[in-house]
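Based on the hints, put chain V in the right spot on chain D.
Protein chains: 2
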Amino acid sequence: MVTKSQIKQIKQLKYKKYREKTGLFVAEGKKIVLDLLKANLDFIYVFTTKINFGLDSHVISKKDMSSLTHFKNGSDYLGVFVKPSVNHKMLNKNRTLIALDEISDPGNLGNIIRTCDWFGVNHIICSKNSVDCYNPKVVQASMGSISRVFCHYMDIPKFIKKNNYKIYVTDLNSKSIYETRFEKKSILIFGSEANGVSDMVIKYSDEKISIPKSGKNKNIDSLNIASSVSIVLSEKFRQNK
Amino acid sequence: MVTKSQIKQIKQLKYKKYREKTGLFVAEGKKIVLDLLKANLDFIYVFTTKINFGLDSHVISKKDMSSLTHFKNGSDYLGVFVKPSVNHKMLNKNRTLIALDEISDPGNLGNIIRTCDWFGVNHIICSKNSVDCYNPKVVQASMGSISRVFCHYMDIPKFIKKNNYKIYVTDLNSKSIYETRFEKKSILIFGSEANGVSDMVIKYSDEKISIPKSGKNKNIDSLNIASSVSIVLSEKFRQNK
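The listed protein sequences correspond, in order, to chains D and V. With positions in the first sequence counted from 1, the corresponding number in my numbering is that position plus 244. With positions in the second sequence counted from 1, the corresponding number in my numbering is that position plus 244.
The following block holds chain D by itself, in its conformation from the complex (with noise of 0.2 Å):
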């Protein structure tokens, strides 16, 4: 059974006021629940159309979950989930760090997160204006990684001046990245889609990087972010490796 106040709740927390004033969020689907649960977040509830796991789970009906979902086709597992906090001070315990500049496509900054928890990179910064690592795409497209990666909401600049890593900006026609010779501690910074990297940040960058294409072709002129940062870091964990 579902309540009409649980409808009411989840549906609200697709929307980022509801997931900072209430401090939840909802994930779906049987591999991110499952994997949410096992890195023990606290929940406060489970449901699934399924046979009950175990935890304090709720089987409910398929017409009650498409009651749910925050997506077009319901999943068969939906859990609300408290927020991990994120302590700022777990930055500097990580020798690589990814830093995206007002990223904003939320399938994209989903698989940023799983690509980090790949190359085992548990922290990214992200600009303040960026998109809400817990909205329902994002979760989804982490695909359970977001237990295990955090993002940090700030401003780059601030954090880059007062901490002592190797800056490599993502840039057009800069050094080549297989020419580049990575240094352990870094923080590698990406740009928006639309944007690519903010002046502001650049102006604080050591080197400046970029991902050389083809030769056959003029007409091509940028990479999708995720592809990039993925790009990026497995350069940077073959040479450092």
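Note: identical chains are not told apart, hence a pair may lie in one copy or across any two.
20 Å max Cα-Cα, derived PhoX-like pairs, lysine-lysine:
| hint | residue 1 | residue 2 |
| --- | --- | --- |
| 1 | K258 | K316 |
| 2 | K460 | K337 |
| 3 | K316 | K381 |
| 4 | K457 | K428 |
| 5 | K447 | K419 |
| 6 | K307 | K252 |
| 7 | K381 | K274 |
| 8 | K462 | K275 |
| 9 | K405 | K447 |
| 10 | K429 | K457 |
| 11 | K462 | K485 |
| 12 | K406 | K372 |
| 13 | K260 | K372 |
| 14 | K460 | K428 |
Keep in mind the hints are simulated off the structure, nothing from the lab. In this text, all values refer to a predicted model and were calculated from it rather than measured experimentally.
Then chain V, alone, in the frame of chain D:
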């Protein structure tokens, strides 16, 4: 002015059945529409809510545009284009080919098309049950690269058997891509988001390869397919450049 029959036709082109019947597809967004025109793709109509841009474009109201779009938020540009003819003989001219075994997510395919364009890979082999590359979401995510990269829907093992390429299949826990010496003439095969590469395809591979993950984390078991393609293509081009 948009006629009722134009609205009907454009709406129908959301579906693969109608795209196959008519040989047409819809592209939306300024960059994408202009890229397709630049690539000299034949078109039936181009609509814009902005100023007429020289060609046979029709200036229409935002309200009319909202009756045509395939997306929640309509763009300022929408074109109905003729699908370019794809000849499988073109495949042999490329030294690097990507093959996708049952890819289903349109955003991922669009992103892969864009990444291939970046690295100068102009042809992608897709197994017959893969998502259609003229699906509106694929076209959008490809950001115009759909005009330069061609998807060939065919039986992957059949193509492999008939042609002389070195075949690399991505798999978990295989040889690291960083330790693989990629041959110039090769096909890189990637599996579906849900099931990986099918046994039927693995059978014809020469080498199984993996993107190594950080030792820190045992809970993550896969990368997004578009990220995987980006990383493997980047590593191959780093070696072969």
